[in-house]
Amino acid sequence: MLLQDKVVIVTGAAQGIGRAHAEALHREGAAVVLADIQGEAAEAEAGKIVAAGGKAIGVRVDISSAAETAAMARATVDAFGRIDGLVNNAAIYAGYVHHTLVDLPPDYWQRFVDVNLTGVLLGAQAVAPQMIEQGSGVIVNQSSAGADQPRNQYSVTKLGVQGLTLGLARSLGPQGVRVNCLAPGVTDTEATRGHYSAEQLTAMVEQRTLLRKMAQPEDVADVLVWLVSDLARIVTGQIVHVDSGYVAHPA
Amino acid sequence: MSKELNEKKAIVTGADGPLAAAAADVLEAAGATVERIDTGAALAEACRGAIETLGGVDILVTHSSPATDGPAAELHEIAAGPWNEAIDRHATSVFTAIQTVAPAMQASGGGRIVNLTTARAHSCADQHGVAELLVHGFTVGFARELGGDGVTVNAVEVGAILAIGDERGPDPYPNRAVARAGTATDPAALVELLAGPGGEWISGQVFTVDGGGWMRPD
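Chains as they are written, first to last, in my numbering: chain A, 36 to 286; chain B, 6 to 223.
In isolation and in its complexed conformation, chain B is listed as follows:
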């Protein structure tokens, strides 16, 4: 049976987290072969190893699971250690993964990169949010650089309850337009679209998937 992502080779980082795990699952269900890398792995080495195992790479989904983050700190008080760790875990890691994977995609004539971030990037209320905002910057920058080689780069920013991996508690945003809390699988259909043939002319975008928690008119 022909599936949309048959024979596609995918790398998913941060796959120990529920968001990236759900993304990996949906890519597999669509026919892709997926190499899963956990949060905190040495990404340059791990991505090179995954490309070797797969025999190439068509899709990269980046994520860094918030589940193993240190506590959020108010920015005017945060210490150097947790600040630098957040930048490393959530921003530099994504930069490293894309830098490692992009040349293989460019050489093979195309690819799809989807960066999974959380609504923390929106408020920037703590160190993790600022780090994830940098990922949105990388998304636009890499999209511009790689588009000529057929590589698209987008970000999917996912609503708050998913960010802490707790899908059972009450919805912290009662004002959400869609009146229920999100689950890890809610963004998966968008990831599949962006990773597949339908994503060919979509690049450099940050999509918010949060049940209409934060809405914008333009």
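This is chain A alone, in the form it adopts within the complex:
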């Protein structure tokens, strides 16, 4: 197992890619803190890991609140004594409205900044003091293949997440903390299927990916395991595209 005795927080862990992250981290031996704005769902998912013999807790967090991300970090240290990893996966994605930029309401833009961008920063700030004290830690921020060709407020904020990754990797690197970014492409989740019809998804996969394959959440989670593990001990400040070759294959 690659993550024996590691303690890792996953935000947005109650569903989709975040849940797959939590399951993969558990499979590799980590104790997992499943954090989600849907606290009960997070606790239910944590309960499944515990029932399978693993270590996990569920906590409610609104990542746009510094007080709540700080409480998430405290709950982790209280339960497991340290923080080895943070996966900043939570974001506004499911059901978001596809405005054009010209018609995007300013309040809606600010909401995406507060959650998808500032939420990632607040997560990192919440765990940084503990990781600095330990002299080690890994933060993985989740971006999107869409950030390479931003179309709307979602992909613009996901580009910002890549910038935050570089900046945090710079400021935390000398203290032994690695910061990297996962950029998934078309991934088979309930949220993605809510945004696109089956026909649209097939067309995107056929026309835009080199592997002609939609990623499953588990495909993304396996790369996350590598980034969190000591196998990636010399990797920081990187954007890792996990997207069937979507970005490598501009339409």
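Please keep in mind that the hints were generated in silico from the structure rather than gathered at the bench.
These numbers were taken from a predicted model, which means no experiment stands behind them.
Take these hints with a grain of salt, some might be off.
Unchecked claim - Just so you have them, the derived chain B footprint on chain A, three or more residues with Cβ under 8 Å:
#1 54–64
#2 80–91
#3 133–147
#4 157–163
Note that beta-carbon positions come from the ideal geometry of N, C-alpha and C, so glycine has one too.
Chain A is already provided as a structure; the job is to place chain B on it using the hints.
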């Protein structure tokens, strides 16, 4: 005498900063009428007022001067106030200016938008860099949306010494390919090209103007 930008109407934001001031000067020298708006102005109102004064708009150059920025902070320590201020000043302001100006350009059958950013967007070492990276995202997004109406959108990312408005000190990047520090007028020729008729088929690009400080092979 016929000049390239005769009868063109331009709005330049952040014109209190040396970069945008130099851009405004070059547009004027090429014949454009320019309305200058300072960093920190309420941009939706100011842009609407400028369009009214000009009787339309053909060119928008956006910028937010770094000269009046708060101090750069390490991202793992930055407080909410300076973080939010940087996003407002450098990213949301550009979004607001383009949102306000674009419909007038679309209605008149075309336009040119040039977003002036700094090399801080490249390293993202502080809050201002991350905010300016968002501008590069808006550049691509708006370029896609507005291209069908003849509006091009590009960004010019300018090297570090210009970002602090200090053109007298030593070059902080001795490894620059072109062995001198930059001045505020170095990017002006590119701004003029992108704002003029020669920019018609150039859109969604981020151009780095930094004397070869950071070079890319692809």
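Tell me, which hint numbers fail for this structure?
Violated hints: 1 and 2; rest satisfied.
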